[in-house]
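In the order they appear, the protein sequences are chains A and V. When you read off a place in the first sequence, starting at 1, and then add 533, the result is the number in our numbering. When you read off a place in the second sequence, starting at 1, and then add 2, the result is the number in our numbering.
Everything labelled a hint here was simulated from the structure, so no lab data went into it. It is possible that part of the hints are untrue.
One-sided excerpt, in silico: chain A residues whose CB lies under 8 Å from chain V [unchecked claim]:
no. : residue
1   : E536
2   : A556
3   : L557
4   : K623
5   : V628
6   : Q629
7   : D632
8   : E633
9   : L634
The beta carbon of each residue, even a glycine, is placed where N, CA and C say it ideally should be.
Here's the letter readout for the chains.
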Amino acid sequence: MNELLVPCLMLGAFLFCLGLYGALTRRKATVVLLSLLMMLNGAILNLVGFSRLGPTPSSSGQVFSLLAILVATATAVVGLSLLLALFRNKPTDDVQDMDELKD
Amino acid sequence: MPPEVLHYAWLTLLFPFASFLLLLAMGRQAKRSAAALSVSTACASWVIALLVLVGRHADPSPGYTWNNWTWLKAGSFTLSFGFEVTNLSAFFLLLVTSLSLLVVIYSCGGMMEEERYPAFLGYQALLLFSMLGLVLSPNLLQFYLFWELLGFAGFLLVGFRGEAPGVGLAAKRLFLASKLGDGALLVAILLLYASMPEAEVDFLTLQNVFPESGEAFLPGGVVTAAALLLVVAAIAKAAQLPFHLWLVASDRTPLPAAALLHTAATTAGGVYLLARTYPILLHSPIALQGLALVGACTALFGAIQAALSKGVGRLLAHSTVSQLGLVLIALGLGSYAGYAAGLAHLFTHAFSKALVLLAAGVIVQLAGTDDLRRLGQSGFAAQHPLAARTFTLGALALAGLPPLSGFWSWGAIAAEGLRPHPGLAAAALLTAGLTAFGMARALRLAFPAPALREGDRAGVPADSAAIPLLALAACAVLGGALLLPGDATGFGRWITGSGGASPSASGLALALVAVFSAAGFASGLALYRRGSRASDRFARLQALAEAEFGFAALSRAAAAALSGLARAAAAFERAVVQRLFVLAERSVNGLARLLARPQNGRVQTYGLLTLAGLVVLLLMYVGRRGWHVG
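Chain V with its partners taken away, still in its complex shape:
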């Protein structure tokens, strides 16, 4: 494939945008044509992304940039838009478009009963558009525009079933969390804009100003502040502590949309920000340490929460939060090898999690309940054996059990952490154990022993869920090939673009991950075997988990503080601002009435005014003559 295909990478953006506009214009009844339109546009985007990836693979140059569309011109400053294709963005393009294609195909099934089905597909297209725009942005300002759009599209999707209880709260949480992140990113961009040479904020210049080796060309304080702000923005988007509640509360989002939010779009956007600005982060050890610390805390916390969740939606949301924490640990290690390991984990997790979420979508729809315990009693596994099996497979991959994909990337992260930061590696391993325990518990509760037997109705049901489930299952099994020990595929070298950086998945780390996850899984299976009362033992912990270990109260307190601030602002507005406006209005009115009074239509008044004017003119004339004489 000639690298010329890179020049057409922007087409990936065009298709979802056109689809979004058309879908919004469609009526509610046009469900079939809406589905056909979205599948075909998503497919077109995917094909182009695939070609771009192949083109990048053949191209040894660092990237292709087209940056010639002048959007804004102010004095000597020119803001131009365009797109940039690097190995990193080609990787993300393919990841995002493939997940989105599978989710869209899946959405042609059960989601069709939704009343506003075309709008739902349209919001998904908007999400895809904004994520792809984010990935292709050549400079931080364009990045910021798509970043905002990404938050907005997520808000639309989370709030899609707005009439159901709890959905509004989830949408508001997402909105607030993304606004906080947006604020941090904006300040970071302004800081960089103010201090960068010639106010350039495109990624190429950033790479030159923050070289891989040696000092940055900016003052240390600015670097640290910008790096910390970028980290805050990313953890808000990637649903890390203390911003994780937005993802957890979104458990009533339609599951296909949740699959996008969890894997391809919003959360991945946060990780992409870190990956894209990694040169800046590398120059700030504090930011890296903070990132790794937040990641470690979140990974452990999310895994514990997932092991205590009641419903499938919450379980998977907590699991996503935890696994993204793991990605942040890897990025926080501060080496390009860790960076590659983190991105690989994002990749493997994305496919496994999408698989589990879509299978859960089928299962929840069949069983009519989200509760794990009641799912187990409903015996849905017999009705849809494919969904049950793929759910199990995805859960095993998420738990990091060998030889599924999650195991390899987990091993890479642990291996990178082992030598320089044993604490972080320990956190990753502990997370593996806890995650495996939680997954074992979920499987035990949702699939009591009899259902795990050979299904009554073997064979694949012919519905739209089959293709995405099978494709995702294949990826979840084989995705680990990306990171075979010793970087046989060259993924690490390729994605970082530097020769020496490839994750060294050592045998020790792999063995440790295998031991931890197997131990966790086995203990989960043993503890929750049929008829055991294990869940009653954890009743108190479960109650704590329901309250998010105090985070729910914290978020309520924050919300109360914010609304107090809003009330104070409103009172100030009523007392001062509105009165000022009334005063201004009255003074203008009074002046107008005063000036209108002489215009009473009587000739004599007009005559008098004319006389007065004449006298004034005469006086002026005389006065001027008087001055000039002197």
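This is chain A alone, in the form it adopts within the complex:
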């Protein structure tokens, strides 16, 4: 096991927590979306770290992460288009104002 693994996992966890904090506290919808992507990147960093520095290194983790990045991009596109559609309905980008879910 490589000694670089732990800092790498720590970085991933830090990125995840930062993203989580941002997703739960930021007001701007685009920033919330960015924070969500940051959480995803924290998770992907775990995959990469284990595939390079884990006890049994293999390339499958990297393939996984490429796939995850692909999916995250597609998700971001969908999220952004949802935001645009919402904005046409109600001209705001503050997530605190987007409370139609309760109706």
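For this one, chain A is given, so just place chain V on it according to the hints.
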């Protein structure tokens, strides 16, 4: 008649019930069809009751019981309903259905002008249904159901003309009195239920547990308590002191309905309770003595009141109260001979009193007044000689004058009382004198001498009142044949179902009754002869009688105490119970608002809650692992 007819005794119940339902569904305009329906159903009931009586007469067995309809099942306890026909219930069946048939026929006349005529007939059918159900009940619980129903039907009839003054008060009095009686009966049933072997409360088991000779199979305290409670229930229903006001206040009840309440239904129900549970009473001397004492006081008190009454309705109500007191004296003697004499008196009184009440109904309607004195001035006797004559005949029978029916049963009661309880016999004789005096006074006041001459328009008017009046008059004259001296008809042996018990109407007792009633009647006639000022002499007594000798004030005080209790309960409810409810409501509302707050529709709040849940789950997972490691 084969005894199989007994298996169909329940049909007597079916007809009035069907009639009640149909009559309630009928409109107010359908008066003719309502009358036809009620007369035909009452007639059908009467025919079946007659067949049942004939069947019972041919049947030597103690009774027929059908008890197979399971109404309630709780664990090992089964409550089954059914019916039981004994000699006693066959006797009551015929008595009740005949009176009810005659009253219903009578109701086709003047009562038709009543606005809610079908409803009136329907209430009568309900009364008949509940009384017949009471009579046929094989166990105390079924008996209790019909007992309650009887009180309810009486309430409906007494309160029928609810808009007239005083009617509401009478209905309320009846309701309260019957509720008190119901309470006593319920407690008595529960007491018996708790202590009877295998919790059986049917009358057959009661007869076995309380054998005619020897000790009862229950502890003495229970027997005494149950017997006393039964007596209280019966005296409330039979309008005895101190519950008599409900009957007296009901003098504005339509007279046909009053005839049923006085003779066939509610009051007779009270007597029937005593007759049915007589084995229990026989094992409690205290209850018997109390019964006889209440009966004696009521008989004397009612007779005095009747002799002082102003109106016909009150007079007859007081007279009923008094005569039922006499029945209770006979039952309180504690022998089956006295029991037979009492039931015979109930029978003779029922027909005479129904006769007088129905005749009074005609008379009051013609004269437009209830007041005895004004009746005398109105000269109604010329307009309806039949009513006037039958009224006179009924009054003479009620007064116990020989050879009419009341005399024979009165003699039987006096004869039974004479040897063991001379005091009770004296009370009965004194009551005879007072009753005769009161009846003489009523006749003198209502029929001043000229009207007693041959009527201007002889002959029987062709209206619906004629048949019942003539039939009842025949019964009032001939009913005494039931109790010819020495029990020639075997009535006593038949009704008690035991060989030796038959009233011994001795010559001495009969002579005493004849002397007392004749003396009372003669003095009444002499005192109230035409033009005398006798009634002015009794002005003070009459004022006292108007106030029921303080019983009216007593009842008002009781009512005030009860409403005070009700007000206290209401205040408690407002102060405590309602606040508790408001508190409960508010706490539930507050909790709901608290829980609804996080549901604000914002994604971030939901996310935060999800995170919190995840953390809790993780902590639990870690904690569980920690415990298990240790």
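How the hints compare with the structure:
Taking 8 Å as the C-beta cut-off, the interface hint given for E536 (chain A) is violated, the closest approach to chain V being about 27 Å. At a threshold of 8 Å, the smallest CB-CB gap from A556 (chain A) to chain V is about 7 Å, leaving the interface hint in force. Using the Cβ-Cβ criterion of 8 Å, the hint placing L557 (chain A) at the interface with chain V is satisfied: the shortest such distance is roughly 5 Å. The restraint placing K623 (chain A) at the interface with chain V is violated, with a minimum CB-CB distance near 13 Å, outside the 8 Å limit.
Hint status for V628 (chain A): holds, given a least beta-carbon distance of 6 Å to chain V, under 8 Å. Contact between Q629 (chain A) and chain V, as hinted, is supported at the beta carbon level, the nearest pair being about 6 Å apart and thus within 8 Å. The interface hint given for D632 (chain A) holds, since its Cβ lies 3 Å from the closest Cβ of chain V, which is under the 8 Å cut-off. The interface hint given for E633 (chain A) is met, as the beta carbon of that residue sits about 6 Å from the closest beta carbon of chain V, less than 8 Å.
A least Cβ separation of about 4 Å between L634 (chain A) and chain V falls short of the 8 Å threshold, and the interface hint therefore holds.
Of the hints listed earlier, those the structure fails to meet are numbers 1, 4, in rising order.
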